[in-house]
Each structure stands twice: as C-alpha cells, then as structure tokens.
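Student: Okay, here's what each chain looks like letter by letter:
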Amino acid sequence: MARKSLGNIRRAFAPWADPAATPLVQFEAVTRRFGDITAVSDLTLALYPGEFHALLGPSGCGKTTLMRMLAGFETPDSGRILLEGQDLAGTPPHLRPTNMMFQSYALFPHMSVFDNIAFGLRQQGLAREAIAARVAEMLALVKLEGFAARRPDQLSGGQKQRVALARALARRPKVLLLDEPLGALDRKLREETQYELMDLQAELGLTFLMVTHDQDEAMAMADRISVMERGRIAQVGAPEEIYEMPANRYVAEFVGDINVFEGIVEEIKGEIIALGGPGGSMILDDPNPTVDLGQKVNVAIRPEKLSITLEEPPQPTNKVKGEIWDIGYLGDFTMVQVKLDGEAGQLVKVALPNRSRRAERPIAWEDRVWLSWDVEAGILLRG
Amino acid sequence: MNRLRTPHLLALVFGIAFLYLPILVLVLYSFNASRLVTVWGGFSTRWYAALLQNQALLDAAWLSLKVALVSASLATILGLLAALALARFGRFAGRTLFAGMIAAPLVMPEVITGLALLLLFVGLDAERGFWTVTFAHVTLTACFAAIVIQARLSTLDRSLEEAAQDLGATPLRVFFAITLPMIAPAILAGWLLAFTLSLDDLVLASFTSGPGATTLPMRIYSSVRLGVTPEINAASTLLIGLVATVVVLASLLIKRDALARD
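Sequence order for the protein chains is L and G. For the first sequence, the working numbering begins at 1 and goes up steadily by one. For the second sequence, the working numbering begins at 1 and goes up steadily by one.
What the hints contain is simulated information worked out from the structure, not anything from laboratory work. By construction, the Cβ of each residue, glycine as well, lies at the ideal position given by its N, Cα and C atoms. Each statement offered as a hint is correct.
Per label pair, the in silico range of CB-to-CB distance: (1) G/Phe92 - L/Leu347: 53 to 59 Å; (2) G/Gly15 - L/Ser59: 44 to 50 Å; (3) G/Arg91 - L/Gln154: 37 to 43 Å.
All chains, full assembly: derive it from the sequences and hints.
Tutor: Okay, here's the thing in structure tokens:
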C-alpha cells in the first residue's frame, strides 16, 4: 500500500480495536448537572483492562466530575456506570473497588506514612502482619523505604505524591483514579515521576484513569486520550491519532499548535482533494473526504510540518510566500512566525528543530521566504 | 509590624486602662491587709485564707464548677451536631433559618432568655436547682461552641474525608478516624468557651436557680449588697484568674491549630 498510515506507530496494546474484548469500565450515556450547568452530558466511554486512559481538557470540561462519578462521590442524573458489567448505582464510595489519588494528595496529617498506607487495609480487616507486609511492599514500590514513621508534614512534595500513590495502590484497586497526579510537582520531578508512573502501571498491569489539563502529560503517559469539551468527548484515541488526526478544530487547537488555512474544494480524486485558497492551491490527502465541490473548508498544519526555504520550492502546490516576522529561540527548537503576503497578512508558526549547536542562521528578520509542506501534512478540519 | 506612633500608643494605653483598671484595683485590694476596702493597709494574703473558711462561698464555687462542666459538655455535643449539619449536609430546606436560629442566642438579651426559661421551667413544674441552671447555660453556650466548630469544619479539606471513604471507611468510621481528630482542637476550644461563659453567668442563673442552688457569681453578687469585703475581692480574683486562663488557653488552641494547617 502506497499510502502512509498511522499503523506503523500504533502500539501492540489496543483492546479497544478488538470487538471481542470486554471493557472493564463502561460509562453509558452518563449525564450530570449542577443546577443550570451540565458538567457531563450524555457521555459514553469504555475503559479496557490494563489501559492507561487520560481525560484531557480545560478546567470546567467535566473531566473531574466524570472521574468522581466512577469513584462514587458524584451520582449521575441519568445513564449508567458499569464495572466488570455490574451497575455501580447505589454502591457507596467505600464499597467500590476503585481507589483515587487526590490532587491535593489528601494525606491524613495526624497519621504517619505507615498509618496512611495502612488505613485502607485496616478497613478490609486484614491481619496485623499482612498489613505490615503490604505497607512495606508499597513503600518499596514507591522507593520510600525508611519513611514509614514520618508524618506528612515532614515530607517533600514529591515524597507526599509517592505516599498518596502507595496508599491508593495498597488495596489493589481494579481501577486507579489519578486526579492531576503531577500537577503539584516541579517540571524536572514531573518528568521523572511521569515515567515511574508508566512503569508502575505496566508492572502492576492495572487500569489507570487519569484526569489532566496538561496535554504533554496525557500524550506521554496514556494509551488512549479522551479530549473533553463542555461535558462531552470531542475525540477518543491514541496520542498519535489525537495529534495527527484531530477530529475537529477544538481538538487540533487544544493539543499542540496549529496553523489554519482556508480553502475551497476544487477537485476530489479518491482520497486526494485539491483546494484553491488565498495563498495558492493546495493538495491534501484525506482518507475520508466527506466534502463537496465548492465547499469552504479549513486545513490545519502543525508548525513542525512546515519547511522554510529562501528559494521557491519546485513543487507546484502546497507552498506560500511570506516574510519572517518573528524568531523565538526556545532551546530545543526555534519558533518562527511568518507573515504571509496578501491583504489578510496571516501569521503562520513554523517550528525548526535546532539539530546542531552552531548552525549558521539560514534566515533572519524580514527575509522573504517560501513555506512548503507535504501532501499528508494538511488536516481537513470538520466542525 | 508598624511602629506605634504616640497618638496610637496613647489610645492603646487609654483603652486598656479603661477596660482593665477596675479589675486591677479589685485584684490589688484582694491583697489588702486592712478590712476597709478603700484604705490600703499593707500587703497580706489573709483574705485568701479566710476564703477557705467560708463554707457558703466554697459550696457556691463547687456548684458553679459542676454546672460549668456539665453544661459545657452538653453544649459542645449540641454545637458539634449543629456545626456538622451546617457544614456537611449541603443546602437542605430551612438551612438559612437554622443557621440564624443557632446564632440568635449570641444577641438575645439574657434577661429575656432567663425569663423565658423561668416560665418554661415553671410551666413544666420542674424543680429549680442544678439541672435547670445547667440547661439554661446550655441554651446560651451551645451557639458559641457551634460557631467555633463550624468555622473549623468549613476550612477542613473535604478531600481528606473523601480519601478515607475511598479507602473503604464507612461514613461513621470516617467521622471518628478523620473528621473528629482533625477538628479536635476546635471542639476543645468550643468547650472551654462554653465553660467560662457558664462559670461567670449571673443573669440566667438568677432566673433559673432555686433555693439551695446558689452559683458563685450569685453568691458574690448577694454578698456585695451587704457591703464589699476584701474576701469577695479575693474570691473574684480567683474567678478572674480561672476564666482568663481558660480563655487564653482556648485562643491559643485555635491559633496553634490554624498555624499547623498553613
């Protein structure tokens, strides 16, 4: 097959693609209102055993409410939530086989680290020795051996986060709920912890449901991401799908940077669409061209998919002319803003990786340049 | 902190003197060797010794202490329940009315409350004495306990209770294992406030007490009508000392608890 697809980067783990797989958690047409505000609106989603799922969205999109409904702290106004096929309605939080790591960690300040981790085990009525053994195992898991006697106020932020994680994992929940798990950590620690969490999840084979507003966090950690918008799911998919094949403009803009070009459909040939636009003509490759001739559409192009050249590129289409407007050096790459020729003077972002340390700057302010891109780079935005 | 400038300092000194000079004079004269209240006859602790011989005064002090202990405990339990209802039950019907009615005794004239309670006890044909005074004090002090405890509950991180529930604790266990230890300082502070309010109450006790049940403030008040003796000064000084200690303790508790949470 000549056409490139996302298949080559799709992970081996994809039970959601298998119609025979049984989901662990099912949200079925779940709605939750607070007064006039609909926090979660007719939402359906299935989580599979062993999946690391991220609910991604801005604050107020309903992601936390959705998770709290699974934990039992909120009750759906309508719809069902199933765990292993069992309807959870009427099951109070303390009887649900889920555990949650709270954003504030919610460590009990009047208890030692040991007692914090043992709290859930004591509710199960485990024997003293069994509890001690499990707490020791959990402390080893989060690399906090020797901290059992400390009080929460004697721990650093990162250590508190680990204790909270150990406490939530101690009861071996069927689903671990993570509410902004890395939100309170500084950048360096966040990256480390991110990979530790992923390792832990893979090692324990647990199902994780994470709420986050940070797209990098969701992209790096999750098997699948649900991008949420005002109580609904805008798109569910693997990070690559969300980024490279956003379902609509909201998803494209929320996850990563985009440039949007307007165009009018002039020709449709199989999966290839030809557009005429203010900057010139474009050709793009769309697997599902549900557009009509003459229709006005938006095409999104990620900044790193654009090339800058001083000479006019040989290709007949997918190129525009402009002037360097701004250059922002960001270390790992340089973000260049190019002002396109024409009345609108649209600003386009281009990301240039800084591959070598002392490259001659090929471009400078006010240079006249050409931007060009591949046939596959353009994303046809619907809605 | 800003440095105090002269006018501010003057105002402060005047204000404090206005509030505390009469008490200071009373305390000083309790150490007066002379029997005459207005003439300083040298330092002496004889009136404190004489106090120990005054059985009527000692009985009154003991009664006051018992009333304060029992009424403060009852008031704290009631106050805790009211505070929980206000802070944890969400927006139930009649919540605003309930909140207002809990705070009402704060501003209700004590004479009115006292009269109303007297009429109630007479109507119920209750024998007036220890229990009537105690219940009267509960009606006065429960609101103070409720307000102190509710203030703490409203700042308590809800996710602590949710975390405990999430880890398998029943609501009752959450209350005893998490909520109660977290708000314990506020409960104690509320109890101490209720205790001191009961200890120095004269108005309610006068209305609701009966023969043979005279509290310390009542005894002091009736003695003063026969003439102020240095002995009464001594008794008052002890009472002031006790109340001051308890109030300072309560405010320290609240402050330390607030600091620990920062």
